[in-house]
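> Top to bottom, those sequences are chains A and B. Numbering follows my numbering, with no gaps: position 219 of the first sequence is 225. Numbering follows my numbering, with no gaps: position 25 of the second sequence is 31.
Be aware that one or more of the hints could be misleading.
[Claimed, not checked] Restraint-style ranges between C-beta atoms, simulated for each label pair:
#, chain 1, residue 1, chain 2, residue 2, range
1, B, GLU190, A, LYS110, 27 to 37 Å
2, B, LYS220, A, MET60, 58 to 68 Å
3, A, THR193, B, SER206, 56 to 66 Å
Simulated from the structure, these hints should not be mistaken for laboratory data. Glycine included, C-beta positions come from ideal geometry on N, C-alpha and C.
Protein chains: 2
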Amino acid sequence: MKIEVIENVMKYNKDQADKNRKLFNGNNLLVLNLLSSPGSGKTSLILETIKRLMDKKNIGVIEGDISSTCDAEKIGKLTANIIQINTGGSCHLNASMIEQAVSKLKIKSLDLLIIENVGNLICPSGFDLGEDYKIVMSSVSEGDDKPVKYPPVFVKSDLVILNKMDLLKVSDFDEVFFENKVRELNTRSDIIKLSCKTGSGMEKWIEWVLDRCKKYNNR
Amino acid sequence: MKIEVIENVMKYNKDQADKNRKLFNGNNLLVLNLLSSPGSGKTSLILETIKRLMDKKNIGVIEGDISSTCDAEKIGKLTANIIQINTGGSCHLNASMIEQAVSKLKIKSLDLLIIENVGNLICPSGFDLGEDYKIVMSSVSEGDDKPVKYPPVFVKSDLVILNKMDLLKVSDFDEVFFENKVRELNTRSDIIKLSCKTGSGMEKWIEWVLDRCKKYNNR
Chain A
7 MKIEVIENVM
17 KYNKDQADKN
27 RKLFNGNNLL
37 VLNLLSSPGS
47 GKTSLILETI
57 KRLMDKKNIG
67 VIEGDISSTC
77 DAEKIGKLTA
87 NIIQINTGGS
97 CHLNASMIEQ
107 AVSKLKIKSL
117 DLLIIENVGN
127 LICPSGFDLG
137 EDYKIVMSSV
147 SEGDDKPVKY
157 PPVFVKSDLV
167 ILNKMDLLKV
177 SDFDEVFFEN
187 KVRELNTRSD
197 IIKLSCKTGS
207 GMEKWIEWVL
217 DRCKKYNNR
Chain B
7 MKIEVIENVM
17 KYNKDQADKN
27 RKLFNGNNLL
37 VLNLLSSPGS
47 GKTSLILETI
57 KRLMDKKNIG
67 VIEGDISSTC
77 DAEKIGKLTA
87 NIIQINTGGS
97 CHLNASMIEQ
107 AVSKLKIKSL
117 DLLIIENVGN
127 LICPSGFDLG
137 EDYKIVMSSV
147 SEGDDKPVKY
157 PPVFVKSDLV
167 ILNKMDLLKV
177 SDFDEVFFEN
187 KVRELNTRSD
197 IIKLSCKTGS
207 GMEKWIEWVL
217 DRCKKYNNR
C-alpha cells in the first residue's frame, strides 16, 4: 500500500520531468542539475561559472533551499535570471517545482540553466528534474570516503566535481582512493578536480560546459 | 490522503521512539543522536570520545549509513559494542531501526549510547529515535551559513558542535555570524567549538558528556 503511493509520486515526477525536458530541448537549452552535501561549494561554482561565461552565454539559475534566499542574493548580483525555490522543509527539488520556476524565467533567451539542488547527498538523486546532466560535487574537506558511503548519487551522475582542492595540503584526503571508488560505481563520468577559491582546475570545468553548450544550443 | 499517510508514519515512529526511550531510561543509559552533513566529522568525534572515555564509561555505538560498514569498522577497533544499520537507501534512521539495533547490544552494561545518524542535514531531524539529546555538528569547511540554510536541525538540537576549527585560519568562516544565526533559532543550546583532528576544544565536549552521564546513569 505504501509502496503504491511512492510509485505514484515517482511516476508523476517522471512525467513532469519529461515535460520539462521537452520544453528545454525545444528551446535549445542546456540544463544542469547540481547535487552535493551542504557546504561543498555549489553556489561558489555557479558564481565562478557565471563570471567566466557571462560574455559568451546567457545563464539562468534555479536556486533550491529548504528556506532562505542568501545564495540567490549572491547570484542575483551577477544575473537577473535567477529564481529561488524554497521547498518549505522538503529535502529535494522535484520536477513540478522546476516547472513553476521555469515559468518565471525567460528561457527563450537562455543558453544554460543551472539548477542548484537542496544540499543533500541522498534524496535529490532520486528525482529527475528534466535536466540534461546530473552533476555531483564533493569536496576535499568532506573526506575521500563519500563514494563509499553515498553510492547512489555517484552512480547516477554524469560528472563528478571534486572541489576545495586548495585544502588538499592540510588534509589526509587520498585522491587515488576517491577516484578508484568513483570508478567502481561509475565508469562513464569524468572527474574534474578544482578549487572555486583559487580558480585552479576551473578551465577544465568551463571547457566541459562549453562543449555541451555547443551540442545543446544547436539542436 | 497523502498527509494522512505521513501522519501515520510519524505517529508510528513516535510510539516506537517512546518505547525505546523507556528501555533506555530503565537501563540508566544516556543516549545521544548525532546529526550532520556528510563529512562533518561525526565518526571522528565518536572515535575521539571513546579514546578519552573508554577507561571511565562503557560506550556503545549505532552506526547509520545508507550502505557500507567503513565507519563501523573504524569504531570496531575501539569497542565491541558497535552495530551497523544499513538503511538501504533511506536518508535517515527511524525508531524501529534503533529498536532492532539495540536488541543486538548488551545495553545493561552500557553507560552511553551514541547513534551516528545518516549524513544528512535535513531529513534525520524529523525522526525521534528515543534519544535523550539531539546533537547537530557543523564544520568550518562547510561555511558559516548552515543555520540560515538548514534551520530545522538547529532548532531541534540540544547542542551545536562546530568541528574543524583547525581550518579557521584558511577559511573565511565568520564565527560571530554563525553563533548569532544559531542563537536566532535556538537559545537553549550550547555551542562547543572543537577540532577532532588537533584535539582543541575536546575537553569541553567530554565535560558536557560526563555531566549528562552523571544525571542519566543514576536515575
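> Take the hints in turn and mark each one as holding or not.
Against the structure, the hints come out as follows:
1. GLU190/B <-> LYS110/A: 27 to 37 Å: 29 Å, holds
2. LYS220/B <-> MET60/A: 58 to 68 Å: 59 Å, holds
3. THR193/A <-> SER206/B: 56 to 66 Å: 42 Å, violated
Going through the hint list in order, the structure does not satisfy hint 3, though it satisfies all others.
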